[in-house]
Amino acid sequence: TMFDATSGGSQVAAGGAVASWDDKSGNGKHATQGNAANQPALQSGVQSGQSVVRFDGAGDHLTTTLADSSQQTIFVVAKAVTPTGSQRVFSYGTNRSIFAGSTDFRWWSGNFQSGASSTSFSVVAVVAESDSSLALFGNGVRFSSGDPSDAGATNATIGSEASTTNAFNGDIAEIIVYDTALSTADRARVEAYLQAKWATPAVHTPATATSDPVGYWGDKSGNNRHATQATAANRPTISATTQNGRRTLALDGSNDMWTASGGQAMKDGATFIAAYYSGAVNFSSALTVGDNSAGERW
358 TMFDATSGGS QVAAGGAVAS WDDKSGNGKH ATQGNAANQP ALQSGVQSGQ SVVRFDGAGD
418 HLTTTLADSS QQTIFVVAKA VTPTGSQRVF SYGTNRSIFA GSTDFRWWSG NFQSGASSTS
478 FSVVAVVAES DSSLALFGNG VRFSSGDPSD AGATNATIGS EASTTNAFNG DIAEIIVYDT
538 ALSTADRARV EAYLQAKWAT PAVHTPATAT SDPVGYWGDK SGNNRHATQA TAANRPTISA
598 TTQNGRRTLA LDGSNDMWTA SGGQAMKDGA TFIAAYYSGA VNFSSALTVG DNSAGERW
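For the sequence shown, the working numbering begins at 358 and goes up steadily by one.
No lab work stands behind these hints, which were simulated from the structure alone.
Please note: incorrect hints may appear among the correct ones.
Derived EDC-like pairs (lysine to aspartate or glutamate); straight-line CA-CA distance at most 20 angstroms [as the list claims (entries may be wrong)]:
#, residue 1, residue 2
1, Lys381, Asp413
2, Lys386, Asp361
3, Lys381, Asp536
4, Lys381, Asp361
5, Lys554, Asp543
6, Lys554, Asp361
7, Lys386, Asp425
8, Lys577, Asp504
9, Lys386, Asp536
10, Lys554, Asp379
11, Lys577, Glu486
Each pair of labels, with its calculated beta carbon distance range [as the list claims (entries may be wrong)]:
#, residue 1, residue 2, range
12, Leu644, Ala589, 17 to 27 angstroms
13, Asn580, Thr645, 11 to 21 angstroms
14, Ala549, Ala424, 21 to 31 angstroms
15, Gln400, Thr441, 17 to 27 angstroms
16, Asn601, Ala556, 42 to 52 angstroms
Yeah, the Cβ is synthetic: ideal placement off N, Cα and C, and Gly gets one too.
Could you put the whole structure together from the sequences, leaning on the hints where they help?
Take a look at the structure:
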């Protein structure tokens, strides 16, 4: 399913009110609103010289026949005007939605963060592999994951929950929904397409070559304690040096580092095994847990 503001709506009144936003995928899951008081407005030349659909935060919304499912991938390009922490951009009822948090776009239920600013146009991707596995990406970078609410029977609403509750105050440029959990490569292709089209912050390009920066290092254990670095200047890189024919990562000894969640849970009964080489002075840390300023660093 694809809602693209560059093509406008099939029923746009003289004042720009959108009564129908067509699904460009050909699947016929059009978004409609028969009540003129709750119709969003088409605004031209807003982002990258292109149109967006603007919602007023006072009840504007569009309903669809797009059914919720346990396995799907959702992409949203949007910007909030005054996010309150609960404004639904795309929602399957009360407990399954992308919303504009006070600082970033998030997923509810679970309040999972995307890390993508809610006050500037961003690409948000939700990959649901099942009723118990969801990952959230902001501008191409995986930020959080977890166990979401189970998929329900509610069809999708754009701009609010099922009614006018938690209405969105802002602009939506594009929404794309796949009825499967896309692979990493396919998700990255869609994110790159949206970034180029809507001039959002550059999406993450997978690190493959020597000196490529690494902003995300995935936890392969299944515990989702992924290591991330949002600041480009502080990202380690793929090293030119290999060990036993295997790739290694290079940190500059100055400010390169990643951070991961869940460190405090490892304080008791933990075993750490690390393989690394340090050419620096004493106290160069391969891994730390705790609060350094309070003298509690491990």
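Can you confirm whether the C-alpha distance between Lys386 and Asp425 stays at or below 20 angstroms? Distance ~12 angstroms between Lys386 and Asp425 Cα, so the pair holds.
Against the range 11 to 21 angstroms, how does the distance between the Cβ atoms of Asn580 and Thr645 compare: consistent or not? holds (18 angstroms)
Are the Cα atoms of Lys381 and Asp361 separated by 20 angstroms or less? holds (7 angstroms)
Given the range 17 to 27 angstroms, decide if the beta-carbon distance of Gln400 to Thr441 lies inside it. At roughly 21 angstroms between Cβ atoms, Thr441 and Gln400 fall inside 17 to 27 angstroms, so the hint holds.
Do the alpha carbons of Lys577 and Glu486 lie within 20 angstroms of each other, as the hint requires? Holds. Lys577 to Glu486 sits at ~16 angstroms (cutoff 20 angstroms).
Assessment of proposed distance window 17 to 27 angstroms (beta carbons of Leu644, Ala589): Since Leu644 and Ala589 have Cβ atoms about 22 angstroms apart, the given range 17 to 27 angstroms holds.
For Lys554 and Asp361, compute the direct alpha-carbon distance and say whether it is at most 20 angstroms. holds (11 angstroms)
Check the following: the C-beta atoms of Asn601 and Ala556 are separated by a distance inside 42 to 52 angstroms. holds (43 angstroms)
Checking one constraint from the list: CA of Lys381 to CA of Asp536, max 20 angstroms. Satisfied? This hinted pair holds, its Cα atoms lying about 15 angstroms apart.
For Ala549 and Ala424, compare the CB-CB distance with the range 21 to 31 angstroms and indicate the outcome. holds (28 angstroms)
Pair hint outcome, Lys577 versus Asp504 [Cα-Cα no greater than 20 angstroms]: holds (17 angstroms)
Within 20 angstroms, alpha carbon to alpha carbon, are Lys386 and Asp361? holds (13 angstroms)
In summary, the structure is inconsistent with hint 1 from the numbered list given earlier, while agreeing with all the others.
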